[in-house]
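Asker: So the chains spell out like this:
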Amino acid sequence: MKVIYFAWLRERLDKTEEELELPASVETIGDIMEWLKTRGEEYAHAFDNPKVIRAAIDKTHVRADAKIAGASEIAFFPPMTGG
Amino acid sequence: MMPGETVRIAQSPIDIQAETRAVSEASAGIGAVVTFSGICRADEKGERIAALHLEHYPGMAEQEIESHVNEARKRWPLLAARVVHRVGRIEPGETIVFVATASAHREAAFAAAEFIMDYLKTSAPFWKKTEGGGREVWVDANEKDERAAERWQK
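Chains as they are written, first to last, in the working numbering: chain S, 2 to 84; chain H, 545 to 698.
For the record, the hints were derived by calculation from the structure and aren't laboratory data.
Being a predicted model, the structure only gives us computed values, none of them experimental.
Quick reminder that beta carbons are idealized off the backbone N, C-alpha and C, glycines included.
Please note that the accuracy of each hint is not assured.
Said to hold, decoys possible - Label pairs and their calculated CB-CB ranges:
| id | chain 1 | residue 1 | chain 2 | residue 2 | range |
| --- | --- | --- | --- | --- | --- |
| 1 | H | Pro636 | S | Trp36 | 29 to 35 Å |
| 2 | H | Arg565 | S | Gly71 | 42 to 48 Å |
| 3 | H | Phe654 | S | Glu35 | 26 to 32 Å |
| 4 | H | Glu635 | S | Glu12 | 18 to 24 Å |
| 5 | H | Pro602 | S | Trp36 | 22 to 28 Å |
As the list claims (entries may be wrong) - Over the 10 Å line for every Cβ pair with chain S, so calculated as not near, a few chain H residues:
| id | residue |
| --- | --- |
| 6 | Ala566 |
| 7 | Gly582 |
| 8 | Lys665 |
| 9 | Ala668 |
| 10 | Glu675 |
| 11 | Glu694 |
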């Protein structure tokens, strides 16, 4: 699964994207965030407050309870501040 | 996309006059063009800044803006629309985002421009960071912007 990060998430993790082998128990966007938190200090820091983090599956906004089955690209990012 | 509709991400300064002209000339039925320019301020929360850095999610950014332009088109009789959003380093005085809408009469163009901007602020994947005083700070999302977008919900 390709996972990409933007803005301060990208900076805290010091990576723009990565290929992840997700355990079968990880079924939703919220599950991925909880699982990522266990992967090291920088992840724990980046996903410290999952409530503020937004996500997209294949470039479409989704909520934390969205199922990830069939997704090819998942993105995590802070609330948007364009315009 | 309808004829005269353009959504673009720009790496270099936006030529507002050329963009406005292109929208104005998109159709012979156009009688009103409304344009909005979002400009990089020299101050952010009372502090002097040297520049803004704009990051975006390529592909999704264009797609999100296009979907809101399409929604605007369903609500108002638009004859043309154009959105150009800068990314990269932007200095005070430069245009960050440009929106132009065209219709036969002014009401549709005014309303659609505001609608597109309100949704762009809260749902198009762009992020701003300020540069100044030797440090870089991510800009926080604004509650006011969330409420501005919510008022369009039917």
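Asker: If a hint holds in the structure, say so; if it doesn't, say that too.
Answerer: A quick look at each hint next to the structure:
Between proline 636/H and tryptophan 36/S the Cβ separation comes to about 42 Å, which falls outside the hinted range of 29 to 35 Å. The given range of 42 to 48 Å is respected by arginine 565/H and glycine 71/S, whose C-beta atoms sit roughly 45 Å from each other. One distance hint, 26 to 32 Å for the beta-carbon pair phenylalanine 654/H and glutamate 35/S, is violated here, with the actual separation near 45 Å. Take glutamate 635/H and glutamate 12/S: their Cβ atoms lie about 22 Å apart, and the range 18 to 24 Å holds.
Range check, proline 602/H to tryptophan 36/S: about 26 Å between beta-carbon atoms, so the 22 to 28 Å window is met. Against the 10 Å criterion, alanine 566/H stays outside the reach of chain S, whose nearest CB is about 21 Å from its own CB. Listed as a non-interface residue, glycine 582/H fails to keep its Cβ farther than 10 Å from every Cβ of chain S; the least gap is roughly 5 Å. Not every CB of chain S is more than 10 Å from the CB of lysine 665/H (nearest about 4 Å), against its label as outside the interface.
Not every beta carbon of chain S lies more than 10 Å from that of alanine 668/H, the smallest distance being close to 5 Å; the non-interface claim is violated. For glutamate 675/H, the requirement that its beta carbon stay farther than 10 Å from each beta carbon of chain S is met, with the minimum near 14 Å. The Cβ of glutamate 694/H lies farther than 10 Å from every Cβ of chain S, with a closest approach of about 14 Å, so its non-interface assignment holds.
Violated hints for the displayed structure, listed by number in ascending order: 1, 3, 7, 8, 9.
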